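Student: One letter stands for each residue in the lines below.
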Amino acid sequence: MRYHTPDSFEDASAIAAAASGTTRFLAGGTDVLVQLRSDLVEPDDLIDVKHIPGVKDIAQTADGGWRIGAAVSGAEMMAHAGLRAAWPGVVEATDLIGSTQIQTRCTMVGNLCNGSPAADSVPALVAAGATATIVGPNGTREAAVEDIPTGPGRLSLAKGEVVSALNLPAGHGGDAYLRFIPRTEMDIAVVGCGVSLARDGDVITSARVSLGAVAPTVLLVADAATALIGSRLEEAPLAQLAAAASAACNPIDDKRGTIKFRTHVAGVLAQRAAKIAYDRAGA
Amino acid sequence: MIQVSTTINGDEHQFVCDPRETLLDVLRDRLGLTGAKEGCGTGDCGACTVEIGGRPVCSCLMLGAEAEGKEITTVEGIADGEDLHPLQVNFIKHAALQCGICTPGILVATKALLEENPNPTETEVRYWLAGNLCRCTGYDKIIRAVMETAAEMRENA
Amino acid sequence: MAFDEKTEGFNVVGTRPDRPDGIDKVTGRASYGADASKAGMLHGAILRSPHAHAVIKSINLDKALALKGVKGVVTRADFAEGLTGENWNVLENVMAGEKALYDGHAVAAVAATSQLIARDALKLIEVDYEPIPHVTDVDKAMQPDAPVIREGQASKAVPAGMHPNVVDYHESGHGDVEAGFAEADLVMERTFTTEATHQGYIEPHACLATLGGDGRGELWCCTQGHWNVQKICAALVGIEQSALRVTASEIGGGFGGKTAVFIEPVALALSRKTNRPVKIAMPRADVFKATGPTASTSMDVKIGLKKDGTMTAAWGEFRSQGGAFPGSPFSFTAMCAFAPYALENVKQIGYDVMTNRPKQAAYRAPGSPMAAFAVESLLDEMCNQMGLDPLEVRLKNASKQGTKASFGPTWDRIGLVECLEAAKEHSHYAAPVPEGAGRGISCGFWFNHGGETSVTLAMSEDGTAQLMLGTPDIGGSRASMAMMAAEELGIPYEHVRATVADTATLGYNEVSHGSRVTYASGLATIEAARDTVKKLCARAAAKWGIDEDAVVWRDGCAVPSGPNAGDFDPLPIGQICRKMGATGGPIVGHYEATPEGAGVSFAVHIVDATVDRETGATSVDRYTVIQDAGKAIHPDYVEGQYQGGAAQGIGWALNEEYIYGEDGRLQNAGFLDYRIPVASDLPMIDTVIVEVPNPGHPYGVRGVGETSICPPLAAIANAVSNAAGVRMKDLPMRPSRILDALDG
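Protein chains in written order, with our numbering: chain A, 1 to 283; chain B, 1 to 157; chain C, 1 to 744.
Please keep in mind that the hints were generated in silico from the structure rather than gathered at the bench.
One or more of the hints may lead you astray.
[As the list claims (entries may be wrong)] Keeping only pairs whose Cα atoms sit at most 25 Å apart, straight-line, the calculated SDA-like set for lysine to any residue is:
1. C/LYS68 with C/LYS273
2. C/LYS68 with C/MET41
3. A/LYS260 with C/GLY744
4. A/LYS56 with B/GLU71
5. A/LYS50 with B/GLY10
6. C/LYS123 with B/MET1
7. C/LYS123 with A/LEU40
8. A/LYS50 with B/ARG55
9. B/LYS70 with A/TYR3
10. B/LYS93 with C/ARG29
11. C/LYS38 with B/GLY32
12. C/LYS729 with A/TYR3
13. A/LYS260 with C/GLU195
14. A/LYS56 with B/THR73
15. C/LYS68 with B/ASP29
16. A/LYS255 with C/LYS273
[To be verified] Examples of chain C residues toward chain B, derived with CB under 10 Å:
17. LYS25
18. SER31
19. ALA34
20. HIS43
21. GLU203
22. GLU250
23. GLY252
24. GLY254
25. GLU381
26. HIS495
27. ASP621
28. ILE685
What you are looking at is a predicted structure, and each value in this text was computed from that prediction instead of being measured.
All C-beta atoms in this analysis are idealised placements derived from N, C-alpha and C, irrespective of residue type, glycine included.
Construct the complete structure from the given sequences, taking the supplied hints into account.
Tutor: Here is the structure:
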């Protein structure tokens, strides 16, 4: 294994583009090192992005949005009052990843690029309408977060492309992310649900609902959002929301949960997350 | 092999390592610092916890190569010579260890907690330590020792 | 065996001093299995079968041996031949022969100059497997069409006509069960299952071995019993027992799982092959795949109850799989099931069944927690149905001194009634059940054990004492042993240094298991100290020119036994020891025996739990452990055992399980998906130490380590069932199971 420490994303991209074997980018390492140790993936080239200027920055953009560098850790996001106030659901979702120790190192970009359908921060990012900035051999592009994973462990990124940052729009309402795990900590999500919505008075004017761990990729569930828009979160739209969330599920039976359980709990979490997001949007 | 310079428990260290070696491998096998333990190698148990930049890190989930230029504290660096840290004193006094294999990681993690939050609630302590598995104690006496230490340190601050 | 009993007036016993190994363990200085190194040391790694059941057709080592840094490879051919019985079983488990018997079964091992090279070399070993049908479920393994793990393993006790996978059978009881059921107002029968769980010690097995061509070896390892390691390893690598010196490192948890050997013979074989010291530290995944979980079970239980709460009869059949070898704790499950109750009519049957799973190892009260889960759950359901108080029913039927136990013996002094009374008086039981919660209680029983024990106590010239023990310290035992020695010698606790001796420096000691250490090593320590005191008194008698019998020991001094013995000032221990060289030589006390008076112990647990009816998630909100310790030597570590057993039981009840795929492979070989309780999962665990002295120990000590894991499975199942309003009969009570039960 060759270990690289480029000082620009262009260089990182060039190394990856030129590499012939397995390539991995290293930010927090909380997935890459587990895979290395478990003999699942031994990269030929490991490209550490932490020496690139700006990767640890959380910056507010001119339009009020947020740009979060590729190596910003969960703990650094939790410590950022402005980001927490604007996107509490995204920050809390990232905070759910692993332990205190993992929080010191784990990143949202890593969580996204690991390609797990159960990644905690990804449904929150999708609900928030986040985009990723991608540097590649042909320059820089932006893509919606939901368009990046294409299946478990698979991404839509081309050879040599690397995510340099994530972008959140200006906070305009409220967001929330909830997951179900059997213990109180340290588990992978059995089901995850992100909700972001805006209100005009009591009425929901826009909404995005996403689900994790219930399909090969994180899902953006349009029918669930439709159930919310125009409502005051009364019983009927909440029931529609749960039904839409459950209907969108295409899960598997595995060691972490059954199809039946995931399908049911997706609806439960959608309702609970929607209530939190609704309260936050009204605050 | 990669050459690395780092500071561990206040002492400067230089070592060479394979790029695949973790910081834990380096500490234990190259530097003889066996206080950090390998319980899982995958970041699930916390027995290998060290402190970097005031934060706890699983040294099994960090490459030795990434230690370049870092300041690292291990369990061996918690006491001030013969003077034990109040957490160490209270862990002994409150029988907060049985086999003791998780103790180094828990002490390092807890020290970082109390530096960040001198007045944690029981729930905060429990969630902070959720990544430090203990199979002997049921955590009861560990939590009591931490709470007692926090109170003591606040009084003496 | 009769002992001079001492049940009051203690100076040291019952206090809570700092443990002697405390500073080493909080500073990182303590040396565990993987912490030792030697010059020239190699690192070993073990290749394991990816198949649940496969014929090993060939193993090609050429490519691995060609890798730079690889110094040697071993396979089954490098171990002793002609072994029989349990030695053969252990060898077959340590290194597969003709077949791989489970996912994770060792097939070859390599020694190399670094861990990374050793792991790389494993990928270069080519094994040609022929997969064959497998079975991992206990009930399926008993079916006529089940694949046969190995023919000819069944003991003579097994009834004719059973599948060859059924390898042992137990039956015990008394009275007429059918007549008893006929007297009952309610008879209920239920089937229960429990999954295999792992001891889950945080320290993986690790060892450092040196074995030369002369057949002499040194072994450093984390174990609960190094004489046992010596005996088995010597047999497996074909050397004399005394030629192998085994030192027990500090041990990072065992809970029964480190009473067996797994990697030690492999490291010795690699060392012999390479003529270099070899260290092996097991990766965590290997610990789950290839070291002992406990048995999984399937159980039918039937109880008859009268309206007044009298149990008229009880019957149970307990099926237990212990992996690809005989030896599951099926008979303990059967024997423990109804032990808490005085029954005129009782019968229990047990089956030991082989499957394609790792060889089970002891896990804290092996077999008992499952039995308690079945019996105590059924009892709870019946109490609910009949409107009876579950604690009163248990009190009414509780075993006491003179009761004929369900499995045969007549109880001596036991403390179940005292535990139940303490539970009844406890603020937890008195408090109303919180809104939305359910409460569960359960009794639990464990035999406890004595076993071969040897202790030496040597006085130093300054009057301090060196206490040499042979039972590895798995939970603070050096502190409690030093306390008992100090108590007898009348010296400060700090003046006793307790050490776990290696196999070359002390007589044989059985493993630290069966909750035997504080009982048996404690008894031996007291007797060794009394032997020492006798010798100290003799020196004083000689100095004073009086009869030895005229000297007694009081507060660390020899004193004349009374006015008639003579008028001499007390002679302190330090003064006697300072002159010992000139007054007869070193003063050393011994005790070697196999004490058999380990008193059984009982516990009662009380749990409040809530269930999220939308997700099936369970929260354990309040937990109280009440247990008879006989006499608590160091109450902190007694409480610690109570709390630790409860926590392991909570994990077993709610989330821990071995999950096998259709392919017979273990799906969750890591702490991520083998979900042991984390700090945020648990409440504080309240403890009550009941002390009903054990007549078989000078201070009344009963073992405390194991009984604490017997009641939690049932207590939590009862709490959850009462909270959810549906009876949970299968463990673990994972959220999907609870939701399914709520759905009906």
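Student: For each hint, tell me whether it holds in the structure or not.
Tutor: So, going through the hints one by one against the coordinates:
1. C/LYS68 with C/LYS273: 17 Å, holds
2. C/LYS68 with C/MET41: 16 Å, holds
3. A/LYS260 with C/GLY744: Satisfied, since the Cα-Cα distance of roughly 14 Å is no more than 25 Å.
4. A/LYS56 with B/GLU71: Holds, at about 18 Å.
5. A/LYS50 with B/GLY10: Between A/LYS50 and B/GLY10 the Cα gap is close to 24 Å, so the pair holds against 25 Å.
6. C/LYS123 with B/MET1: 22 Å, holds
7. C/LYS123 with A/LEU40: 12 Å, holds
8. A/LYS50 with B/ARG55: 17 Å, holds
9. B/LYS70 with A/TYR3: Holds, at roughly 18 Å.
10. B/LYS93 with C/ARG29: Roughly 18 Å between the alpha carbons, so the hint for B/LYS93 and C/ARG29 holds.
11. C/LYS38 with B/GLY32: Judged against 25 Å, a Cα distance of about 12 Å means the pair holds.
12. C/LYS729 with A/TYR3: Violated. C/LYS729 to A/TYR3 sits at ~53 Å, over the 25 Å cutoff.
13. A/LYS260 with C/GLU195: 21 Å, holds
14. A/LYS56 with B/THR73: Measuring from Cα to Cα gives roughly 22 Å; hence the hint holds.
15. C/LYS68 with B/ASP29: With a Cα-Cα distance of about 20 Å, the restraint between C/LYS68 and B/ASP29 holds, given a limit of 25 Å.
16. A/LYS255 with C/LYS273: 41 Å, violated
17. LYS25: 3 Å, holds
18. SER31: 7 Å, holds
19. ALA34: Holds, about 7 Å.
20. HIS43: 9 Å, holds
21. GLU203: Cβ of C/GLU203 sits 4 Å from chain B, so the hint holds.
22. GLU250: The hint holds - C/GLU250 has a Cβ within 10 Å of chain B, the shortest such distance being about 7 Å.
23. GLY252: This hint holds: C/GLY252 lies near chain B, its Cβ roughly 3 Å from the closest one there, short of 10 Å.
24. GLY254: Where the cut-off is 10 Å and the nearest Cβ of chain B is about 8 Å from C/GLY254, the hint holds.
25. GLU381: 28 Å, violated
26. HIS495: At about 19 Å, which exceeds the 10 Å cut-off, the nearest Cβ of chain B leaves the hint on C/HIS495 violated.
27. ASP621: 13 Å, violated
28. ILE685: 5 Å, holds
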